[in-house]
Structure formats: C-alpha cells, structure tokens
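Protein chains in written order, with this note's numbering: chain A, 1 to 297; chain B, 298 to 594.
Because the hints were derived from the structure by calculation, they are not lab data.
Beta carbons are placed, not taken as given, at the ideal position from N, Cα and C, and that holds for glycine.
Don't take each hint at face value.
[Claimed, not checked] Not close to chain B: a few residues of chain A, all C-beta gaps over 12 Å, as computed:
id: 1; residue: R32
id: 2; residue: Q57
id: 3; residue: D70
id: 4; residue: E187
[Unchecked claim] Subject to a maximum C-alpha distance of 30 Å in a straight line, what follows is the list of computed DSS-like cross-link-like pairs (lysine-lysine):
id: 5; chain 1: B; residue 1: K319; chain 2: A; residue 2: K194
id: 6; chain 1: A; residue 1: K233; chain 2: B; residue 2: K530
id: 7; chain 1: A; residue 1: K22; chain 2: A; residue 2: K233
id: 8; chain 1: B; residue 1: K491; chain 2: A; residue 2: K194
id: 9; chain 1: A; residue 1: K146; chain 2: A; residue 2: K22
id: 10; chain 1: A; residue 1: K239; chain 2: B; residue 2: K491
There are 2 protein chains.
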Amino acid sequence: MLRVGYIGLGLMGKPMARNIMKAGFPLVVHNRSQAAVEELVAEGAVAAHSPAEVAAQVDVVITNLPDSPDVEAVALGENGIIEGAHEGLIFIDHSTIKPETARHIAEVLGEKGVLCLDAPVSGGDIGAQQGTLTIMVGGPEAALEKARPILEAEGRTITHIGEAGAGQVAKVANQIMVAAQMVAMAELLLLSQKAGVDPERVVQAIRGGAAQCWTLDNKPQRLFAGERGPGFKAYMMLKDLDIVMDTARAYGMPVPSTATHTQLFRSMQELGLGELDNSAVIAVYEALTQTHLVEKK
Amino acid sequence: MLRVGYIGLGLMGKPMARNIMKAGFPLVVHNRSQAAVEELVAEGAVAAHSPAEVAAQVDVVITNLPDSPDVEAVALGENGIIEGAHEGLIFIDHSTIKPETARHIAEVLGEKGVLCLDAPVSGGDIGAQQGTLTIMVGGPEAALEKARPILEAEGRTITHIGEAGAGQVAKVANQIMVAAQMVAMAELLLLSQKAGVDPERVVQAIRGGAAQCWTLDNKPQRLFAGERGPGFKAYMMLKDLDIVMDTARAYGMPVPSTATHTQLFRSMQELGLGELDNSAVIAVYEALTQTHLVEKK
C-alpha cells in the first residue's frame, strides 16, 4: 500500500485527505494551523512537523495550498519537500498555480529523482467532500498511473492532459469558461429585471436551449433566494483569473473577454465582497446601477 | 381548426411553417422570394400576394423575418398586416427584434383589436426542422393559450415570460449567454494550444465540471474537424448582439462583457467571416495571433 503525505488541510484539502485515508492509505499530514491536523490524527493519520519530514516517510506527497508562492515555498523552500525528497517519490500538487511555476518545481524536484504531477481540481468543497472532483493532470503518465488509486479516492474524472504544467493550463481554460458564465448570468439577470421582466421566468425559458450551462443550472435559484455565500469564493476566482492573465501574457494570447471578467472580479474584491460566492459578481452590476436583484421568499 | 398565415419562409420559417401544416392547420403563406412559396403550395398551402391578404383570411398570422425594420414594415407598412387586420386576430412574431419595436407593434395593432405575441425562438435550423425549438413568449396569456397548439407544432419548450416585449427580453438574455460561451471557448482553446497543450484533451477534462455548457458539448469537435459552416450564422449573432446593446442602453444597464463580445463579432463580420457559424469567432483570435487552431483528420 502506498504511503501518502498530505500538506494543506483547508476547505478542500481536509476532506480530500480524509477520502484518501478512508480508501485505506496510511496518511502523514502537515498543516500550518493545528486544528485540522488534530482532527485527522484522531481519525488515524500521523502528524509531521514539516514538509521535509512528510516527504521523507511517504511514497506520494500531496499539496493543496492557496497560491503559487505557497507551493513554491513548501516544495523548494527551507524544510520543504526537497529536503526530504528521495528517488521515486511522487509529488502531486492540487493547488491552482501558474503553469510556469508548476514546470519550474517539476524541473528542480526532477533533479532529485522526484516525479511531479500538477493536478488542479474543479468541483468545489462539495466535490471534495463527496469525492466527485474533476482532476486535470500534467506530468509523466507512468507516475499518474502509479498514483491513480489515490486520485480515484479524491475525484471522479481524472484526465491526463500532457507534460508538466498541462494540468494547470487545463485549469486556466476551465476558469476562463466559469468566469464567462458567471458574468453573463449577472448581465442577463439584471438587464431582464431592469427591462421589466421577471428574471426567474427568463432563466426557466433559456436554460434548456443553447444557453444551457452548469452555472444557469445551479446558481440562479440561490441568487433569487438571497444566498450569496460560498461555494467558491470570489477572491479565489480573482486569484485564478490573475493566473489566467499571466499565462495569456506569457504565451502572447490576447483574451479581451477574460480581461473584462478579471476587472469585474477585482471590482468585487475592492467592494469588500471577496468572501462571497463567485456568482455574487452580480453585486458589481448592482453597485453600478444602484439596482438590487429582487429576492423571492 | 385555426387558420394560420405564415410570412417569412427562410431557413427557420419554412420548416416551422411545414410543421404547422403537418399538424393539420390550414396554411396561407407569403414570402419575398417565390421558390419557398411554391414548395409549400405543392405540399398543400395557399399563396397570398401580401401580408394584408394573409391577415385578412386567417385567425393567426405569424412572421419570421431577419430584423426589426422588416417586422415593422410587414406589420405596420403598406399592404401590411394592419391593412388586413380584424378584431381577435392573433399576431405571432418569431423574429428576434428589439423589445421596444415589439411593444410598439403590439400597441398599434392592439388599437385594431389584434392580440400580439412576441415569440422569438432558440435552437437553430435543426430545432426548426425537428420541432424542438425553445419559444419565449411575451404578450397576453389568453392569446398564448389559444395559439399554443400551433406553437407546440413548432417547438418543444414554450414559456410565457410576461407582457409585450418580454419574449424579446428573454431572447436578449439568451444571446448574452450564448455569445459569452462562444467567446470563452475561443479564448480557452487557442490559449491552451499556444501554451503547448492539446486543446481537445483540455475540453475532455473540463466539460464535465463547472465549465459544462451546451457550447462545449456541441462545438469543439466541429472546430477540431475543421467544420466552420453554420449552424447559426455569425452575422445573425452580431445583429442579435446589437439588439442586446440597444436594449441595455435603453434600460441603463452596463454590460461590459457583452460589449466586448459584440466587438469581437463585429471584427469577425469585417474579416468577411459573417456567413460562418458563430463558434468560428475563434477566427478573430487566430487573425490577431497568426495562429490557427490545429485541425485533426
């Protein structure tokens, strides 16, 4: 049985680590705050004091962290994974970070004989709890096949996209579409209302046709009920969109639509609404028009 | 049995009129070009020389025309429906036009005792042929209920949205989302490719998650196969987006994302690509980057 290490036990990481443990893998955990560590230790995990210490005693080490600098520090910094690395160790990163950072880490750890998989996920905290996440994987296919039983404990759809960084590129693509749907939903709901039409009827009429999407299937009823909490927090959407824009710049790709969406999510953050669900980007339009989407009880 | 008149036998109107006739309704037809008229007459329809002549001999008169001025001319112009109007006539317009034009026509024809339904459709030429269209209806509900058997011959999902113009507002909302999906698909496919990743793998990975939509379900395989013909022509998408922008302006609603998409479809039109499918908006990005989406044989 592969021994697994898990670093980063947040909203996503903790339930994902728990699912790995439930699937029978021995688990070593490390986290900045201790509450989540103690919780998983009570369920059978072993605590370690640093990423290096985790890496030294496992076959597969997993990170699930907020942003590129966090992953770089945990992987390559002091007391990082690199200091506990050994030939044949598999490193899986579930964080959403810049493709170029993922490639850099793969290169540096590769020199120590570590096989690196960038494996960002989509599906939110509910997907993490239920083990139904979509996982997009870049890196050597042989390492993916070896680690697949672990990934299958965490998610449902596991797709090998290509070489190092390719998983992060797929996540970039995913976030381009998600942001577009969230913003389009905001524009169409509030315009319908301002034009004197019941936006709920509009959604009922259009969601079965060419406008059909996950966002229209899942989000309007929450907005109509006045529920704007996460879900997927808007400041994380903004962080991901900044990665999209950095990536588009790095590869010489103009993305005028996503550029607009990034500005809207930045406005949302500056309005103090970053902790709300990404569907609450409609609040930016409400602020601009001094019109509130009517809620139904 | 209600007698039905049909004006505008184009790519959409002809199959829709045929489905009404197949459902058993006696049909009077009128069209600018005669080929489509002769075709339907051979199948049992009766030809009329003007919209007025159609209106005079039916219970329900339907129009299916390209744009707002066309509908206004056919409804209110010389030899128009207004000249053959009679108390209790139901007028259904399936064209996509400005909500304010729909309201104006309903007001003027209403003075002659005509009941007006603006009833734009979504679902394309295939939906028109198969009778599976989504129909969004504005206007008096009693008129909709009387005409419902006819609409059910044309489409599958018939939703009453609200008063006159409300059907057009729903279509505006629909096109906001459709344009957003088409443009997001273009940005994510070409960025993936430029970042060195197979865009087909990316689509496979993301289409089952939060990015899921009708567009990603139906369009990428056509683009990868090099098929860019319609479908739904880009110049019609642009016409519809101009209606969205006019409507947003009329109601004081900023729509920065849709504004960007309108510019992209106008660029597509100016590149001479307006006859292609709306999914071919990726060609604008290809022109900007001198990179062509790789086709697979």
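Verification of the supplied hints:
1. Annotated as non-interface, A/R32 keeps its C-beta farther than 12 Å from every C-beta of chain B; the closest such distance is 27 Å.
2. Interface exclusion of A/Q57 from chain B stands, the closest Cβ pair being 32 Å apart, more than 12 Å.
3. For A/D70, the requirement that its beta carbon stay farther than 12 Å from each beta carbon of chain B is met, with the minimum near 22 Å.
4. Not every Cβ of chain B is farther than 12 Å from the Cβ of A/E187; the closest lies at roughly 5 Å, contradicting the non-interface assignment.
5. For the given pair, B/K319 sits about 40 Å from A/K194 by alpha-carbon distance, which is inconsistent with the 30 Å threshold.
6. A threshold of 30 Å between alpha carbons decides the hint, and for A/K233 with B/K530 the separation of about 37 Å lies outside it, so the pair is violated.
7. Simply put, A/K22 and A/K233 have alpha-carbon atoms about 27 Å apart, close enough for the 30 Å limit, and the pair holds.
8. Between B/K491 and A/K194, the direct Cα distance comes to roughly 40 Å. Violation of the 30 Å bound is thereby established for this hinted pair.
9. As the CA atoms of A/K146 and A/K22 are separated by approximately 19 Å, the hinted pair is consistent with the 30 Å bound.
10. For a cut-off of 30 Å, the pair hint linking A/K239 to B/K491 stands: about 22 Å separates their Cα positions.
Against the hints set out earlier in the document, violations occur for numbers 4, 5, 6, 8.
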